[in-house]
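Fit chain B to the given chain S structure using the hints.
If you're matching them up, the sequences are chains S and B in order.
If you use our numbering, the first sequence corresponds to residues 2 to 282, in order.
If you use our numbering, the second sequence corresponds to residues 2 to 282, in order.
I should point out that these hints are in silico values taken from the structure, not numbers from a laboratory.
No residue lacks a Cβ here, since even glycine has one placed at the ideal position from N, Cα and C.
No false leads were slipped in.
Facing chain S, according to a computed beta carbon distance under 8 Å, are these residues of chain B, among others:
| hint | residue |
| --- | --- |
| 1 | V105 |
| 2 | G107 |
| 3 | A165 |
| 4 | I169 |
| 5 | A171 |
| 6 | L183 |
| 7 | L185 |
Number of protein chains: 2
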Amino acid sequence: MSEGWTRLGLIAGGGALPRLVAEACAAEGRLGSVIALSGFADPADYDQPTVRTIGQFGHVIRDLKAAGCDAVCFAGIVTRPDFRSFVPDLEGAKLLPRLLAAAVRGDDALLRVVIDAFESQGFQVVGADTLSSSLLATEGRIGGDAVMEPHQGDIAKAMQIAAAIGVIDAGQGAVVCDGLVLALEAQEGTDAMLRRVAELPENIRGIKGSPRGVLAKRPKPQQERRIDLPVVGVATVERAAAAGLAGIAVEAGAALILGREAVDEAARRHGIFVIGIKPGS
Amino acid sequence: MSEGWTRLGLIAGGGALPRLVAEACAAEGRLGSVIALSGFADPADYDQPTVRTIGQFGHVIRDLKAAGCDAVCFAGIVTRPDFRSFVPDLEGAKLLPRLLAAAVRGDDALLRVVIDAFESQGFQVVGADTLSSSLLATEGRIGGDAVMEPHQGDIAKAMQIAAAIGVIDAGQGAVVCDGLVLALEAQEGTDAMLRRVAELPENIRGIKGSPRGVLAKRPKPQQERRIDLPVVGVATVERAAAAGLAGIAVEAGAALILGREAVDEAARRHGIFVIGIKPGS
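Chain S with its partners taken away, still in its complex shape (with noise of 0.2 Å):
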């Protein structure tokens, strides 16, 4: 791979996907720092991490500098900040009006804010997806071997409701079960949709045995695709599973799959199917 650069650092949030990225990239030798953002990050996921909060701008910045890094993945869970009692350094606290200003217009004009930051100190921001192409949804199966033909219905309905909350800025997630609209997520993510859709009366839902019903997840169309794109891991499946869904629909090439093979192996524990689907298709 050559895109221009030749040392990244790594700024991690929560989850899998950052030492996923991480082990990716130091196999081929071309990383340079991983930057633990306290709070989301487990520094102990990573070998020698600086651990920074979020409002150090300024130190990450010299950190990455000094690491001889020219590039930048955001990649990991991080939520919002409570900007009222948001401890910048120097540099953050420059930062701070605009992110206040696009705080407010959304979850994509704060991303833009941060990695216009990053761009403007000389780094390139990459997407995890470029770090290992193993990460980024395929069109087709990805996973389990369930049946799918009865749930096409379902997966194509899904998808397009999570489209349209897409389009309003509002949010990734959606499950349809025979038609009907279950679930839409928004703040609370998806892991909590799901516990919210194993929750409702049974009749209106899948059960383990019988599942119905599909979860969609896709970015929304004008965001900023470097950072955020919907993610599937083992634990996506097992919930999607506990809530009786039959499967999972990702847009191919817009989503990340945290392990294609445990995901697999989840899936065909639990009887359900993870497909990627093609825009437009």
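Just chain B, lined up with the frame of chain S:
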């Protein structure tokens, strides 16, 4: 009032709405019969109700005709039946194929089949709002004395998001705080959505003493407005306050306020506002 009918049959589901309808209609001497739907309505709320299951379509038709009813009103909460374990009477069984076909197209399609079935038996189907003019949400301040000006942006955006999820037939409610979409309502209902908002991180929502954010409820644009208009009652106000919200916005002329004085009193007590917004304004 004269809308071409003389005696009403009230088909009562759960919640406070059907009792208010029954009282308003009885006060005018036009209440012919109350059908208390088993599992949803509390028969003790009514004077001499007939208890029926939702599968007993034929029995209900005969009950209403025997009571001299020429109109019906559906009011109160009824969740979707489990059609796989549905026990209909003979006439209910004849209706079942159309109900099943409609069910996969969404709640609105399902309600239209029910309305058609009653109309084809010669009943006029009337909305709860036409029976008690005090139920319908008016334009402007409906309840509370909280300051609304700082929340105009969230009121407008929450109304817009609620309309957008209505267009895709997914739900009637949304919560927006400082421009960020916190929650979207689907099958879980408004109460569950508000409980979830109360569990989001405090930095992205309001808290007691420093309320922020607005709940908007409005009907789906294409929906059958004689059934299933959004409802705001004292419980809605209390849950919105518990979620740290600054107020509630509904569409003027297209939402029901359950006990205007009680809603106003609850809103004042909790320091939040309830407002009716004219569509398109």
